[in-house]
Amino acid sequence: MEAIETRYRTQTCGQLRLSDVGKTVKLAGWVHSYRDHGGLVFVDLRDRDGITQLVFDPDTCGQQAHEESRRLRSEFVISITGKVTARSAEALNKKLPTGEIEVHVQSLELLSGAATPPFTPDQHESVNEERRLEYRYIDLRRPDMSQTLRTRYRVSKIMRDYLGERGFWEIETPFLTKSTPEGSRDFIVPSRLVPGSFYALPQSPQLFKQILMVGGVDKYMQIVRCFRDEDPRADRQAEFTQLDVEMSFIDMENIISIIEGLLRTIWKQILGVEIPDPIPHMDYDVAVNRYGTDRPDLRFGMELKDVTDLGHATDFGVFKSAPMVKCIRVPGGAKLTRKETDALADWSKGFGAKGLAVTKVTAGSLDTGIAKFLASIAPKLIERMEAHEGDLLCFAADQPAVVHKVLGELRLKMARDLKLEPSTPWAWVWVVNFPLLDWDGEEKKWNAVHHPFTSPRDEDMANLSSRDQAVLSAMKSKAYDIVLNGYELGGGSIRIHRMDVQQEIFSILGISSEQQKLRFGFLLDALKFGAPPHGGLALGLDRIIMLLRGTSNIRDVIAFPKTQSGADLMCGSPSELDDKQLRETHIRLSMPAKPAAT
RNA sequence: GGGCGCGUAGCUCAAUUGGUUAGAGUACCGGACUGUCGAUCCGGUGGUUGCGGGUUCGAGUCCCGUCGCGCUCGCCA
Numbered sequence: 036m037e038a039i040e041t042r043y044r045t046q047t048c049g050q051l052r053l054s055d056v057g058k059t060v061k062l063a064g065w066v067h068s069y070r071d072h073g074g075l076v077f078v079d080l081r082d083r084d085g086i087t088q089l090v091f092d093p094d095t096c097g098q099q100a101h102e103e104s105r106r107l108r109s110e111f112v113i114s115i116t117g118k119v120t121a122r123s124a125e126a127l128n129k130k131l132p133t134g135e136i137e138v139h140v141q142s143l144e145l146l147s148g149a150a151t152p153p154f155t156p157d158q159h160e161s162v163n164e165e166r167r168l169e170y171r172y173i174d175l176r177r178p179d180m181s182q183t184l185r186t187r188y189r190v191s192k193i194m195r196d197y198l199g200e201r202g203f204w205e206i207e208t209p210f211l212t213k214s215t216p217e218g219s220r221d222f223i224v225p226s227r228l229v230p231g232s233f234y235a236l237p238q239s240p241q242l243f244k245q246i247l248m249v250g251g252v253d254k255y256m257q258i259v260r261c262f263r264d265e266d267p268r269a270d271r272q273a274e275f276t277q278l279d280v281e282m283s284f285i286d287m288e289n290i291i292s293i294i295e296g297l298l299r300t301i302w303k304q305i306l307g308v309e310i311p312d313p314i315p316h317m318d319y320d321v322a323v324n325r326y327g328t329d330r331p332d333l334r335f336g337m338e339l340k341d342v343t344d345l346g347h348a349t350d351f352g353v354f355k356s357a358p359m360v361k362c363i364r365v366p367g368g369a370k371l372t373r374k375e376t377d378a379l380a381d382w383s384k385g386f387g388a389k390g391l392a393v394t395k396v397t398a399g400s401l402d403t404g405i406a407k408f409l410a411s412i413a414p415k416l417i418e419r420m421e422a423h424e425g426d427l428l429c430f431a432a433d434q435p436a437v438v439h440k441v442l443g444e445l446r447l448k449m450a451r452d453l454k455l456e457p458s459t460p461w462a463w464v465w466v467v468n469f470p471l472l473d474w475d476g477e478e479k480k481w482n483a484v485h486h487p488f489t490s491p492r493d494e495d496m497a498n499l500s501s502r503d504q505a506v507l508s509a510m511k512s513k514a515y516d517i518v519l520n521g522y523e524l525g526g527g528s529i530r531i532h533r534m535d536v537q538q539e540i541f542s543i544l545g546i547s548s549e550q551q552k553l554r555f556g557f558l559l560d561a562l563k564f565g566a567p568p569h570g571g572l573a574l575g576l577d578r579i580i581m582l583l584r585g586t587s588n589i590r591d592v593i594a595f596p597k598t599q600s601g602a603d604l605m606c607g608s609p610s611e612l613d614d615k616q617l618r619e620t621h622i623r624l625s626m627p628a629k630p631a632a633t
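When you line the first sequence up against the working numbering, it's residues 36 to 633, in that order.
Incorrect hints may appear among the rest.
[To be verified] As a list, the in silico BS3-like pairs of lysine-lysine whose alpha-carbon atoms are at most 25 Å apart:
| hint | residue 1 | residue 2 |
| --- | --- | --- |
| 1 | Lys-129 | Lys-61 |
| 2 | Lys-384 | Lys-340 |
| 3 | Lys-440 | Lys-454 |
| 4 | Lys-384 | Lys-374 |
What the hints contain is simulated information worked out from the structure, not anything from laboratory work.
Using the sequences plus the hints, can you model the full thing?
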């Protein structure tokens, strides 16, 4: 960082080198640490650019400044004038980029004192995240956090530059918008001017960007906040940021190639890493069947293999009666103890499984666990699983959804627990050919797998009038997800641009024509007045930064994140409103009465 | 809403598994020190063991409740 010269500084704390020796400079920043030797005081001065050692020597700074320097404490904010001096050979600090020089202070100005901080930004020991969130302004001074903010800025700049050069316009869409009960729960905002009415914060700008296409914008992008009122996870926050993209007169491969180019540029510029060209595609069905999920982590093998036929041939009741039996081979898993494999079975119940059967592979045979039930099929099983001595075979037998969930999660757990070596640091894949629709057996209705505006494949268009469960289940959409190391970085689709098709989809989803008009009338109207074929995608900016920075905690890549209960521990949100605000927005609370304070 | 884990000095952790006055490092305060760089040396302050209740002769430790934080299932078109 080049400093902009001000009354407080001429350079930054990360800038000075041997070539600057002899210059008189001004530096400003925080007291990172101080070492008081009585007659001589050293201060490490820090700004976001680095750390520079200051020397307070009464001979150069005078008695008064020297006395003042002895009263400096952690995180005081100061500005100094001084002379850049080469350090002697014994005094070099190889840990600092500025370690070949130091600044001999001539004058000191205290800009702000600081109370004793609850923790310091020195990163010597990890601090409770609750404290970090409460005192975020101190946490953000840590070089790690500073570096993350910088990476985040650089990535968003690359996104704007890359897409801007290709004719995309960044256009803002409303935050105060209309609630649509589909999808995730909305955050709602009361209207003061229209009593009893509410806005919703956008789950994504989906409909606005489609309408921009109808509006002839042709190429749109926006780095935009989205809001979903659902419980957070390690990689999920109620409020998050997307790179939202939409283009007209395209098909799937056009948007895929644009986004690949963007990701390639980001990984190259931020990490110096090359991304495969092209990124391989995988059918949704293949992903689910082989990896148990639509966002497979391809850094590890342990593919799910169907052994339903072998399972049915055993005398093992659980296997004989199960609709599906699948197996994964965990290399080296035989070293797990009985206690550990029992724990796996318990763990699997968290995903709806009744249990998890395991057996260890010995030289040409099976031992322990359910080995005795498998004796008759052992050779075929070992052959199909390509199993070797020392492997662990893990079986799930249940409905397909449960089998896939359990074994899909087990793969990842085994990779973590056994610290398996990834086959590549970055495993990219486009997941394509998603089903269009998903039958909800509980509610007896169809749901859109991606969203209701996703176009069916051309070859499925003819079947839209069908209401046959098998026909509708078999329909595929023009949706695509980009997956990296098991994280869904983003997804999108080619949209429906014909009103009749959109109405047909709504009808399959069980939305009456009255409801269609009420909730999506503006979209149907827009499609009526000449909509170009269009499609796009949204990338999760937070997750991209997580992967670039090597963290699995989304809060680490957001300047002011929220806790799992949706609280901002620094500013204290959410908070109650006073009566006046409630009256103005026509809101009466119906909270259960609080127990009287005693 | 459910499951699991955590909560002890400002911070990071300990406390022989229910037993004396809850310790250590660091930070902080005072003192010494002109080449340190996670400075060093000497001395000192600092605790409602998250909160409330219970069991017990005795609770940081066990039980119940509650609050907060984390991971997770459900949820996330």
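Do the hints match the structure? See the list:
no.: 1; hint: Lys-129 <-> Lys-61; in the structure: holds (23 Å)
no.: 2; hint: Lys-384 <-> Lys-340; in the structure: holds (21 Å)
no.: 3; hint: Lys-440 <-> Lys-454; in the structure: holds (21 Å)
no.: 4; hint: Lys-384 <-> Lys-374; in the structure: holds (16 Å)
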